[in-house]
Amino acid sequence: MQPRLKMRLGDLLVHENIVTSEQLDSALSAQRSSGRKLGDTLIDLGFISEPQLLRFLAQQLNIPFLDITQRRIDPEQAQLIPEAYARRYRALVLEADDEEVLLGMSDPTDLGGLDQLGPLVAPRNIELAIVQENQMLEAFDSVYRRTQDIASFAEKLGEEYADEADFELSALDDTTSDATVVKLLHSIFEDAVQVRASDIHIEPDEKILRIRQRVDGVLQENTLNQVKIASALVLRLKLMSGLDISEKRIPQDGRFNIKVKGHVLDVRVSTMPVANGEAVVMRLLDQSAGLLTLDQTGMPDAMAEKFRAAINRPHGMILVTGPTGSGKTTTLYGALSELNKPDLKIITAEDPIEYRLPRINQVQVNSKIGLDFAAILRTTLRQDPDIIMVGEMRDQETVEIGLRGALTGHLVLSTLHTNDSVTSAIRLIDMGAAPYLVATSLRGVLAQRLVRRVCENCKQEKAPSAQEQAWVGFLKPELTNASFYKGRGCNSCNHTGYKGRIGVFEFLEMNEDMMEALRDDNTQGFVDATKANKDFVPLSHMALDYAAEGKTSLDEVFKVAEFVPEVVNH
Numbered sequence: 001m002q003p004r005l006k007m008r009l010g011d012l013l014v015h016e017n018i019v020t021s022e023q024l025d026s027a028l029s030a031q032r033s034s035g036r037k038l039g040d041t042l043i044d045l046g047f048i049s050e051p052q053l054l055r056f057l058a059q060q061l062n063i064p065f066l067d068i069t070q071r072r073i074d075p076e077q078a079q080l081i082p083e084a085y086a087r088r089y090r091a092l093v094l095e096a097d098d099e100e101v102l103l104g105m106s107d108p109t110d111l112g113g114l115d116q117l118g119p120l121v122a123p124r125n126i127e128l129a130i131v132q133e134n135q136m137l138e139a140f141d142s143v144y145r146r147t148q149d150i151a152s153f154a155e156k157l158g159e160e161y162a163d164e165a166d167f168e169l170s171a172l173d174d175t176t177s178d179a180t181v182v183k184l185l186h187s188i189f190e191d192a193v194q195v196r197a198s199d200i201h202i203e204p205d206e207k208i209l210r211i212r213q214r215v216d217g218v219l220q221e222n223t224l225n226q227v228k229i230a231s232a233l234v235l236r237l238k239l240m241s242g243l244d245i246s247e248k249r250i251p252q253d254g255r256f257n258i259k260v261k262g263h264v265l266d267v268r269v270s271t272m273p274v275a276n277g278e279a280v281v282m283r284l285l286d287q288s289a290g291l292l293t294l295d296q297t298g299m300p301d302a303m304a305e306k307f308r309a310a311i312n313r314p315h316g317m318i319l320v321t322g323p324t325g326s327g328k329t330t331t332l333y334g335a336l337s338e339l340n341k342p343d344l345k346i347i348t349a350e351d352p353i354e355y356r357l358p359r360i361n362q363v364q365v366n367s368k369i370g371l372d373f374a375a376i377l378r379t380t381l382r383q384d385p386d387i388i389m390v391g392e393m394r395d396q397e398t399v400e401i402g403l404r405g406a407l408t409g410h411l412v413l414s415t416l417h418t419n420d421s422v423t424s425a426i427r428l429i430d431m432g433a434a435p436y437l438v439a440t441s442l443r444g445v446l447a448q449r450l451v452r453r454v455c456e457n458c459k460q461e462k463a464p465s466a467q468e469q470a471w472v473g474f475l476k477p478e479l480t481n482a483s484f485y486k487g488r489g490c491n492s493c494n495h496t497g498y499k500g501r502i503g504v505f506e507f508l509e510m511n512e513d514m515m516e517a518l519r520d521d522n523t524q525g526f527v528d529a530t531k532a533n534k535d536f537v538p539l540s541h542m543a544l545d546y547a548a549e550g551k552t553s554l555d556e557v558f559k560v561a562e563f564v565p566e567v568v569n570h
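Quick note on the numbering used here: the sequence shown kicks off at 1 and runs consecutively.
Because the hints were derived from the structure by calculation, they are not lab data.
Idealized CB from N, CA, C, for every residue including glycine.
Check before you lean on any hint, since a few could be wrong.
[What the hints assert, rightly or not] Here are the simulated DSS-like pairs of lysine-lysine, each with C-alpha atoms no more than 30 Å apart in a straight line:
| hint | residue 1 | residue 2 |
| --- | --- | --- |
| 1 | Lys368 | Lys248 |
| 2 | Lys259 | Lys248 |
| 3 | Lys261 | Lys156 |
| 4 | Lys37 | Lys261 |
| 5 | Lys459 | Lys559 |
| 6 | Lys476 | Lys531 |
| 7 | Lys551 | Lys531 |
| 8 | Lys476 | Lys559 |
| 9 | Lys37 | Lys306 |
| 10 | Lys534 | Lys306 |
| 11 | Lys459 | Lys476 |
| 12 | Lys261 | Lys183 |
| 13 | Lys228 | Lys261 |
| 14 | Lys306 | Lys261 |
| 15 | Lys476 | Lys368 |
| 16 | Lys207 | Lys156 |
| 17 | Lys476 | Lys306 |
| 18 | Lys228 | Lys207 |
| 19 | Lys156 | Lys248 |
| 20 | Lys228 | Lys259 |
[Stated by the list, open to error] Simulated restraints, written as ranges between beta carbons of each label pair:
| hint | residue 1 | residue 2 | range |
| --- | --- | --- | --- |
| 21 | Arg249 | Gln383 | 36 to 42 Å |
| 22 | Asn361 | Asp521 | 32 to 38 Å |
| 23 | Asp513 | Lys368 | 43 to 49 Å |
| 24 | Ile208 | Ala309 | 51 to 57 Å |
| 25 | Asp513 | Phe256 | 34 to 40 Å |
Given these sequences and hints, build the entire structure.
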């Protein structure tokens, strides 16, 4: 039975003293200008909250108001209503059997929508429930995954072509823009955007094809039985990336742009020959999201202030360190955006150039023609720069030129693959740089990691184990009795317990004791001087503070400071 209000919504809200007559008049006036629904207008104007409005409607219509973040929704049952209809009418099948459907709607008074949805679930009867719109939108991304489309297109592609030669002809035919392989790839990209994946891995095995997505730093796997279609996918991706499609014996790197669900993606492609064909890894950079500023990286204010002061010095080297995927490049781009002013000449050497920045001279590394970091850096120093950014300190020559550039009046920014800031200076010396040069030129090192955020919708307290408690006591005794949390898993976080990531940082500023130890090539003295610096907060301490604040879990902290439990056990 379709719900009906005996009075108009605005009059009901005034009658129940939820809004005033003046507020209703203001909302009606705004509604005439915007064309939006009255309920949405009242919420936008701050006269009523969405939960308050929905609870009131539920009471008037005698239907339940449900929090679906804690409810497990069956994707197969949700498919009773196609995604286009679900998103248009803000409706989601929460439960279904042969006779009845529990249908969640953000506006159950939308009679036109109910008329359209009824035939889709017939002959089942509809029982209505009210659901918050933001919860429903999150649920859509979880239940309307592209996995069924991917499997369907993969099966169709496997049926269309009998052998690899047919695949190659299909991939070479650019006129078949509606070819199944194109639809399959588009579905793969759509699914990746929907779950906020940073990477897509296409991996042919002996009998199956694996498509894995890295979401919040963790891979999620989907398998397809049509392993022979891998060559079609690789060939099409090579064509899109401008790679040599006839070369399958050596790795290749390329890139292309694609627009998916309103997002402009810059896709970096890396192919590699493996036992059962070629594996492809694609890094997805959302160009439409724009660059993060330093304030948006999540760096604590006090640390951001120190880092900002360091990058605004006229000369010296600043390093950003961490493993692959820890956000080093994002932080460097944030720094460059802040430094990008008309009175400063900035030149970068990158491999690859991830974001195009105005006014900055960005140079792409091309090792095939000898244009490596060292070669670019040598030329850069003759281009009268104020600031130089080197994508990575990879070898002795690059390190030495960078350090000498910092010594001769330039600010040099770069990245290094080390586990923490303390070992970075030592690593430069290990790479062949003269200790006195490192001591004189290096001004600061920012180390960072990304840890997963505990999902706010399903966060619950979790008592630490005896070993975890001992570890916490060893690291920060004041947090021994602190409360810690973990996500139970819900629709909002795709039942992982985590949603999104947060940066963990440590910033090491060089002082006289540290520089003296480096000049003497005294590694242990440098480490001791770092520990004696009261202003230095290690990564593990910051991560543990986040865990005590409920932002992340102890499991995630272990990944940042995995050496600590060994110390505790001994």
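Here is how each hint holds up against the structure:
1. A threshold of 30 Å between alpha carbons decides the hint, and for lysine 368 with lysine 248 the separation of about 18 Å falls inside it, so the pair holds.
2. At roughly 28 Å between alpha-carbon atoms, lysine 259 and lysine 248 fall within 30 Å of each other, so this suggested pair holds.
3. A C-alpha spacing of about 24 Å is found between lysine 261 and lysine 156, which places the hinted pair at or below 30 Å, so the restraint holds.
4. A threshold of 30 Å between alpha carbons decides the hint, and for lysine 37 with lysine 261 the separation of about 25 Å falls inside it, so the pair holds.
5. For the suggested pair lysine 459 and lysine 559, the alpha carbons sit about 20 Å apart, so the restraint of at most 30 Å is met.
6. For a cut-off of 30 Å, the pair hint linking lysine 476 to lysine 531 stands: about 15 Å separates their Cα positions.
7. Restraint check: the Cα-Cα separation between lysine 551 and lysine 531 comes to about 26 Å, which is no more than 30 Å; the hinted pair holds.
8. Taken as a hint, the lysine 476 and lysine 559 pair is honoured in the structure, with Cα atoms around 17 Å apart against an allowance of 30 Å.
9. Restraint check: the Cα-Cα separation between lysine 37 and lysine 306 comes to about 48 Å, which exceeds 30 Å; the hinted pair is violated.
10. In summary, the hint linking lysine 534 to lysine 306 is supported, as the alpha carbons are separated by about 15 Å, within the 30 Å threshold.
11. Between the alpha carbons of lysine 459 and lysine 476 the distance comes to roughly 23 Å, so the proposed pair stays at or under 30 Å and holds.
12. Taking the CA atoms of lysine 261 and lysine 183, the gap is about 14 Å. The hint holds against a cut of 30 Å.
13. Under the criterion of a C-alpha separation no larger than 30 Å, the hint pairing lysine 228 with lysine 261 is consistent with the structure, at around 28 Å.
14. Restraint check for lysine 306 and lysine 261: not satisfied, since their Cα atoms lie roughly 39 Å apart, outside the 30 Å limit.
15. At roughly 50 Å between alpha-carbon atoms, lysine 476 and lysine 368 are farther apart than 30 Å, so this suggested pair is violated.
16. Between lysine 207 and lysine 156, the direct Cα distance comes to roughly 17 Å. Compliance with the 30 Å bound is thereby established for this hinted pair.
17. The straight-line distance between the Cα atoms of lysine 476 and lysine 306 is roughly 24 Å, inside the 30 Å bound, and the hint therefore holds.
18. At most 30 Å may separate the alpha-carbon atoms for a hinted pair to count; lysine 228 and lysine 207 meet this at roughly 9 Å.
19. Between the alpha carbons of lysine 156 and lysine 248 the distance comes to roughly 25 Å, so the proposed pair stays at or under 30 Å and holds.
20. Among the hinted pairs, lysine 228 with lysine 259 is consistent with the structure: their alpha-carbon atoms are about 27 Å apart, no more than 30 Å.
21. Under the hint 36 to 42 Å, the C-beta atoms of arginine 249 and glutamine 383, about 38 Å apart, fit the expected range.
22. The supplied range of 32 to 38 Å is met by asparagine 361 and aspartate 521, whose beta-carbon atoms lie about 36 Å from each other.
23. The hint said 43 to 49 Å for the Cβ distance between aspartate 513 and lysine 368, and at roughly 45 Å that hint holds.
24. Range check, isoleucine 208 to alanine 309: Cβ separation about 53 Å, and the 51 to 57 Å hint holds.
25. Taking 34 to 40 Å as the suggested C-beta distance range, the pair aspartate 513 and phenylalanine 256 does not conform, at roughly 50 Å.
When each numbered hint is compared with the structure, violations occur for hints 9, 14, 15, 25.
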